[in-house]
Amino acid sequence: MRPRLFQTTSVRLAALGVGLASASAAVVFGVIYIGTLGALRRTLDTDIDNEISEIMVFGARTPPGVIAAGVRAAIAEPPTGTFFRLDDAKGRLIAGDLTLAMPKPGWHDLAAPRGAALTGHIRVLRARVERIGGGGTLLVAADATMLDELNALIRRSFLIGFGITLAIGLAAGIGFGRRALARVEAVSAAGEEIMAGDFTRRIPLSGSGDEFDHLARGINAMLARIEQLMGNIRAVGDEIAHDLRSPLARLRESLELMLRNDDPAALPAALADAIAQVDAALALSAGILRLAQIESGARRASFAPLDLSRLLGDIAETYETVAEDAGAVLTARIAPELALAGDAALLNQLFANLIENAITHGGPGTAILVTAGRDDRGIGVSVADDGPGIPPARHAEALRRFGRLDASRSREGHGLGLALVAAIVALHDGTMVLRQSRDDAERPGLTVVIGLPVAA
Amino acid sequence: MESKPGLRILLIEDDARTADLVRAGLGPEGHDIVVAADGRTGLLRAGGEAWDMIIVDRMLPGLDGLGLLRMLRGAGINTPALFLTALGGVDDRVDGLRAGGDDYLVKPFAIAELSARIAALMRRGRAKPVDTVLRVADLTLDRLTREVSRAGQRIPLKPREFALLDYMMRHAGQVVTRTMLLEAVWDFHFDPQTSVVESHISRLRGKIDRGHAIELVQTIRGAGYRLGDAA
Chain X
1 MRPRLFQTTS VRLAALGVGL ASASAAVVFG VIYIGTLGAL RRTLDTDIDN EISEIMVFGA
61 RTPPGVIAAG VRAAIAEPPT GTFFRLDDAK GRLIAGDLTL AMPKPGWHDL AAPRGAALTG
121 HIRVLRARVE RIGGGGTLLV AADATMLDEL NALIRRSFLI GFGITLAIGL AAGIGFGRRA
181 LARVEAVSAA GEEIMAGDFT RRIPLSGSGD EFDHLARGIN AMLARIEQLM GNIRAVGDEI
241 AHDLRSPLAR LRESLELMLR NDDPAALPAA LADAIAQVDA ALALSAGILR LAQIESGARR
301 ASFAPLDLSR LLGDIAETYE TVAEDAGAVL TARIAPELAL AGDAALLNQL FANLIENAIT
361 HGGPGTAILV TAGRDDRGIG VSVADDGPGI PPARHAEALR RFGRLDASRS REGHGLGLAL
421 VAAIVALHDG TMVLRQSRDD AERPGLTVVI GLPVAA
Chain H
1 MESKPGLRIL LIEDDARTAD LVRAGLGPEG HDIVVAADGR TGLLRAGGEA WDMIIVDRML
61 PGLDGLGLLR MLRGAGINTP ALFLTALGGV DDRVDGLRAG GDDYLVKPFA IAELSARIAA
121 LMRRGRAKPV DTVLRVADLT LDRLTREVSR AGQRIPLKPR EFALLDYMMR HAGQVVTRTM
181 LLEAVWDFHF DPQTSVVESH ISRLRGKIDR GHAIELVQTI RGAGYRLGDA A
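Order-wise, the sequence lines are chains X and H.
If you read the first sequence in our numbering, its first letter stands for residue 1, the second for the next number, and so on.
If you read the second sequence in our numbering, its first letter stands for residue 1, the second for the next number, and so on.
Hints are supplied without guarantee of correctness; some may be wrong.
Over the 12 Å line for every Cβ pair with chain X, so calculated as not near, a few chain H residues [said to hold, decoys possible]:
id: 1; residue: D38
id: 2; residue: G76
id: 3; residue: D102
id: 4; residue: P108
id: 5; residue: T140
id: 6; residue: T145
id: 7; residue: G152
id: 8; residue: E161
id: 9; residue: Q218
id: 10; residue: I220
Estimated spans, in silico, between C-beta atoms of each pair [said to hold, decoys possible]:
id: 11; chain 1: X; residue 1: V454; chain 2: H; residue 2: D32; range: 15 to 23 Å
id: 12; chain 1: X; residue 1: R179; chain 2: H; residue 2: D64; range: 54 to 62 Å
id: 13; chain 1: X; residue 1: D279; chain 2: H; residue 2: A16; range: 19 to 27 Å
id: 14; chain 1: H; residue 1: E215; chain 2: X; residue 2: D279; range: 27 to 35 Å
id: 15; chain 1: H; residue 1: H212; chain 2: X; residue 2: R438; range: 44 to 52 Å
id: 16; chain 1: X; residue 1: E442; chain 2: H; residue 2: D15; range: 51 to 59 Å
id: 17; chain 1: X; residue 1: V236; chain 2: H; residue 2: R98; range: 30 to 38 Å
id: 18; chain 1: H; residue 1: M59; chain 2: X; residue 2: D262; range: 39 to 47 Å
id: 19; chain 1: H; residue 1: T219; chain 2: X; residue 2: V454; range: 42 to 50 Å
id: 20; chain 1: H; residue 1: A16; chain 2: X; residue 2: V454; range: 37 to 45 Å
Just so you know, the hints here were simulated from the structure itself, not pulled from any lab data.
Note that the Cβ used here is the ideal one computed from N, Cα and C, for glycine as well.
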């Protein structure tokens, strides 16, 4: 299922980012708001307090007459942005320049009344109401319009700023989300095409070297490896089919001959031939199974310390005899006391295979040299012959399963040799290198060098 | 082993074709082959009656061959046992021997191979004291000094030839197959592309039979080799 935009991680992260940015902006605005407005308000309040203490010179016991005189004197002064009103106990105006209903004693924020004393721009008043001797009340007010405007300004700024942050954040989130979604969809589309069978498909890179490119490169490398393996499997499948065909075809011929042949004396030979063909097919499948088992690495559990010098010595001795019968000469130079942990049965097969390859492919007159010794990385074993060799360009092919380099494919043997060797070497964490034995166009020879790490 | 009485052999095998083939192949040798078609029946019969040998398939319905043999061995029943398997893996042989099997044979096998292995196992079953000097006719092999002589004349052998002769002398009179020799003498558990066994047999023959009236190393067509002076 294709993810929807608002389910994408980018959009969710953007939303979270916007939320956090907004919250911190709100805190900053809040601090400024409360700090600034608070300071201004305190200044106004101090002014009002000062006016009141000037008028009520004796505090609460100041006679109303003195207060009325003080109010009149204050009003008479040049405009300071301060306004007064003095009422008697019955709420009648005694003195002052404000026409409004007297509020209760205490602090108030009042809407400015329309009045002669107030110029047009004054809209808000800060006021303190005091009860005076004789039941009257005194109101002193100051112009708080600026405070109000500042308040509105700060709120407006905050809302605009918040809105912009929100818009940018969401836009960025959606943008990134779309981009990420597009990249992911590209990966997903490539995946679908690959599943549909196009193993050459790769995930496009944006070239920006970002994390998506990084991921895409990793996936592409994996895809390349899978493509290679699939190619191998396909090739191996073809080769198995091809290699199974010849014994099966010959088996069919034998059986058909038996069917047509009336001579009972010829039957045993034909049957023996038929069994030989079946055995060839079985040997091939056994070889494939064995290779699969070795490649699975399960046999590593049965590794034990072994004396490689002795193992190689026994094999060399065995094949000196075999080589002699095949008209070849095998010489061994094996250093003593080469020890490692491994699987003796498989190492036997490994070196026997290499030497048998040299004997069978080199033909009569081949000289084979088996050497073994310590090197800086462990134990090095080489099997060198002076036979026809393998062209360097085809060394990799030779290591592949069924890589029997015989165009006619008519020779006996089920070409698993070098592939088995490679699997056994890999099981022992070893290395294998093929190279020409010498500079000779006719018979350059093949040298197989096996490096085996020494048991830790 | 020529004039041996037939052996009583329990074959625990679920595949009727294999069972028939074994019965048909070993019957003429005078063996009495009883077939049990699943693991449970096999275990009951193997534990409840006396047998000369048990041949058990590794993959069985009910109880698999490895488990069956482990239970038998756990119960102290040490009848020689040979595993049959369709698995050709390298570990299967080790697993089979570890479970208490005495030998191991991969399907499909030639009857001659099975027959030779049964003979070898029966010989081993009759626990012999370990001889340090083996003798067959006028051929002697001293396992301590590693000296071989025929009619009093010393014969120098290479180590592989000595190991080959040692094995054949321990199985004197019996047919030993190419595979048995590869496993026992060379520890080769694969089929070599070259004539490893044939080359060594031919060397051995050249060294111990040349100049003697009786050829001790005999080739048994379609089966393997036998060491002995019997015709």
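Comparing the hints with the structure gives:
no.	hint	result
1	D38	holds, 26 Å
2	G76	holds, 28 Å
3	D102	holds, 18 Å
4	P108	violated, 7 Å
5	T140	holds, 23 Å
6	T145	holds, 20 Å
7	G152	holds, 27 Å
8	E161	violated, 8 Å
9	Q218	holds, 20 Å
10	I220	holds, 15 Å
11	X:V454 x H:D32: 15 to 23 Å	violated, 55 Å
12	X:R179 x H:D64: 54 to 62 Å	holds, 58 Å
13	X:D279 x H:A16: 19 to 27 Å	holds, 23 Å
14	H:E215 x X:D279: 27 to 35 Å	holds, 29 Å
15	H:H212 x X:R438: 44 to 52 Å	holds, 46 Å
16	X:E442 x H:D15: 51 to 59 Å	holds, 54 Å
17	X:V236 x H:R98: 30 to 38 Å	holds, 32 Å
18	H:M59 x X:D262: 39 to 47 Å	holds, 42 Å
19	H:T219 x X:V454: 42 to 50 Å	holds, 44 Å
20	H:A16 x X:V454: 37 to 45 Å	violated, 52 Å
Taken one by one, the earlier hints fail for this structure at numbers 4, 8, 11, 20, listed in ascending order.
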